[in-house]
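Engineer: Assemble the whole structure, with the sequences as input and the hints as a guide.
There are 2 protein chains.
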Amino acid sequence: MDRYKIIISYDGTLYAGWQVQKTGIAIQPLIQKALATILRSPTDLTGSGRTDAGVHALAQVAHFDAEHPITDLHKFLVSLNALLPIDIQVQEIHPVAPNFHARYQATGKIYYYHLGLSAVTNPFTRLYRTQIFGSFSVERLKKAIPHFLGTHDFTAFTHQAHKGTASHDPIRTMQRLDVIEEEEGIRLEFEADGFLYKMVRNIVGTLCDIAQGKMEAGQIPEIFALKDRKKAGTCAPPHGLFLVHVKY
Amino acid sequence: MDRYKIIISYDGTLYAGWQVQKTGIAIQPLIQKALATILRSPTDLTGSGRTDAGVHALAQVAHFDAEHPITDLHKFLVSLNALLPIDIQVQEIHPVAPNFHARYQATGKIYYYHLGLSAVTNPFTRLYRTQIFGSFSVERLKKAIPHFLGTHDFTAFTHQAHKGTASHDPIRTMQRLDVIEEEEGIRLEFEADGFLYKMVRNIVGTLCDIAQGKMEAGQIPEIFALKDRKKAGTCAPPHGLFLVHVKY
Numbered sequence: 001m002d003r004y005k006i007i008i009s010y011d012g013t014l015y016a017g018w019q020v021q022k023t024g025i026a027i028q029p030l031i032q033k034a035l036a037t038i039l040r041s042p043t044d045l046t047g048s049g050r051t052d053a054g055v056h057a058l059a060q061v062a063h064f065d066a067e068h069p070i071t072d073l074h075k076f077l078v079s080l081n082a083l084l085p086i087d088i089q090v091q092e093i094h095p096v097a098p099n100f101h102a103r104y105q106a107t108g109k110i111y112y113y114h115l116g117l118s119a120v121t122n123p124f125t126r127l128y129r130t131q132i133f134g135s136f137s138v139e140r141l142k143k144a145i146p147h148f149l150g151t152h153d154f155t156a157f158t159h160q161a162h163k164g165t166a167s168h169d170p171i172r173t174m175q176r177l178d179v180i181e182e183e184e185g186i187r188l189e190f191e192a193d194g195f196l197y198k199m200v201r202n203i204v205g206t207l208c209d210i211a212q213g214k215m216e217a218g219q220i221p222e223i224f225a226l227k228d229r230k231k232a233g234t235c236a237p238p239h240g241l242f243l244v245h246v247k248y
Numbered sequence: 001m002d003r004y005k006i007i008i009s010y011d012g013t014l015y016a017g018w019q020v021q022k023t024g025i026a027i028q029p030l031i032q033k034a035l036a037t038i039l040r041s042p043t044d045l046t047g048s049g050r051t052d053a054g055v056h057a058l059a060q061v062a063h064f065d066a067e068h069p070i071t072d073l074h075k076f077l078v079s080l081n082a083l084l085p086i087d088i089q090v091q092e093i094h095p096v097a098p099n100f101h102a103r104y105q106a107t108g109k110i111y112y113y114h115l116g117l118s119a120v121t122n123p124f125t126r127l128y129r130t131q132i133f134g135s136f137s138v139e140r141l142k143k144a145i146p147h148f149l150g151t152h153d154f155t156a157f158t159h160q161a162h163k164g165t166a167s168h169d170p171i172r173t174m175q176r177l178d179v180i181e182e183e184e185g186i187r188l189e190f191e192a193d194g195f196l197y198k199m200v201r202n203i204v205g206t207l208c209d210i211a212q213g214k215m216e217a218g219q220i221p222e223i224f225a226l227k228d229r230k231k232a233g234t235c236a237p238p239h240g241l242f243l244v245h246v247k248y
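Line by line, the protein sequences are chains A and B. Here the first sequence stands for residues 1 to 248, numbered as in this note's numbering. Here the second sequence stands for residues 1 to 248, numbered as in this note's numbering.
I should point out that these hints are in silico values taken from the structure, not numbers from a laboratory. Accuracy of the hints is not assured; some may be wrong.
For identical chains, the list gives no copy identity; a pair is met inside one copy or between any two copies.
[As the list claims (entries may be wrong)] No farther apart than 25 angstroms at their CA atoms in a straight line, the calculated lysine to any residue pairs in the SDA-like style are these:
id: 1; residue 1: K22; residue 2: A97
id: 2; residue 1: K109; residue 2: V120
id: 3; residue 1: K231; residue 2: H152
id: 4; residue 1: K75; residue 2: I145
id: 5; residue 1: K75; residue 2: F133
id: 6; residue 1: K231; residue 2: L30
id: 7; residue 1: K75; residue 2: V138
Structural biologist: Shown next, in the form of structure tokens:
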């Protein structure tokens with residue numbers, strides 16, 4: 001058996017998320033099926049983690065095993081992409097050690113969330129940016145950022161995960177949460193050793209509530225302490241969110 | 001009556017083009033309907049020209065008349081956009097002289113055409129870039145460019161226009177045809193005093209045929225001289241094409 005790592009870009013707009021769901025088309029089974037076709041053998045594809053319905057990935061990482069070594073990796077990549085929808089395309093393939101594991105060996109992840117703050121929506125980024133209407137103070141948002149940095153119990157910023165997939169340890173370390181100005185708004189860059197279910201979207205929603213004057217930055221320490229999801233802000237919509245990088 | 005000029009961005013992916021068609025939803029009637037709703041009066045919207053089904057616009061220009069002056073232009077813009085689909089959004093509105101005419105007074109246009117030349121398709125630009133597979137020589141393409149510059153009878157590079165909309169004068173002056181390198185391919189920038197029906201797409205298709213070795217740059221003068229559409233190259237697909245600017 002030879003193990004391979006693939007790096008996948010997908011536009012999540014049309015999909016029910018990475019993992020197989022009761023309804024809708026999921027991304028992982030589609031790639032798995034294409035791999036099985038090309039390898040002529042049932043194949044398991046293990047991703048670095050799930051992304052929710054409507055969330056995008058610039059570089060999701062996954063691994064699979066092939067019974068026989070793949071001799072021409074470029075040709076394999078082209079054939080695999082030809083079997084995939086054009087909104088899911090494998091960008092790279094690399095041979096890895098047999099003990100490489102896309103999920104267990106991930107040491108951190110980077111997510112971006114794009115907020116549109118222009119008066120008029122740009123039709124070309126509408127699927128990749130959450131447009132904000134009304135008053136929004138980037139300064140207020142920035143003042144709330146330090147509360148999220150460092151090691152915390154993020155229970156207040158997660159939803160109950162799907163059955164059987166719950167991470168029982170809600171402690172995560174946020175190494176970086178940067179606010180980058182973009183042409184039509186801002187981009188929030190999250191870097192942590194791991195993320196709980198819907199954690200980025202719940203933090204973004206809370207930051208937006210603060211920027212819009214619905215909450216105060218000073219409330220955040222109490223929200224962390226109470227570990228109560230209901231005390232935190234709204235959950236931001238999925239389409240502004242991108243999985244950008246998985247660290248190993 | 002007060003006349004207003006609007007500048008519109010639209011993602012043409014889902015539309016049958018600017019002008020009303022027998023089938024599919026067209027862009028101009030949608031905006032016209034929104035204007036009629038907001039102005040509470042039937043309203044005609046006249047664009048600078050058509051764009052075909054699937055073609056995008058960063059800045060299509062159009063004009064309409066309002067019975068009463070619009071007092072708050074920003075508020076009007078926000079209300080109008082709220083009535084429009086999110087993939088068609090008016091970016092600007094300006095009062096203009098009563099004799100301003102979006103079509104007759106246009107003195108030139110700029111179109112961009114995006115070609116993807118990377119080995120792997122980027123899912124996020126798939127709707128806005130025509131992906132090329134196989135060998136493609138940008139150098140060969142560049143050598144063909146000078147043949148298109150200047151004043152020519154572009155009959156060989158147009159299709160028969162829709163009934164009643166034919167421009168009987170096929171002479172156009174191409175002021176600029178630049179090849180700009182982009183991250184995943186190239187962008188062709190066309191600037192001319194006007195464009196015939198499908199002219200950009202037919203030139204792009206011909207340039208691609210040359211870049212792929214199916215035609216020679218040296219054939220172009222003869223194609224111009226013969227004025228025969230069948231001698232020119234293929235017609236490039238609509239989704240790589242953007243109307244970028246209308247000059248007045």
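Engineer: So which of those numbered hints doesn't the model satisfy?
Structural biologist: 1, 4, 6
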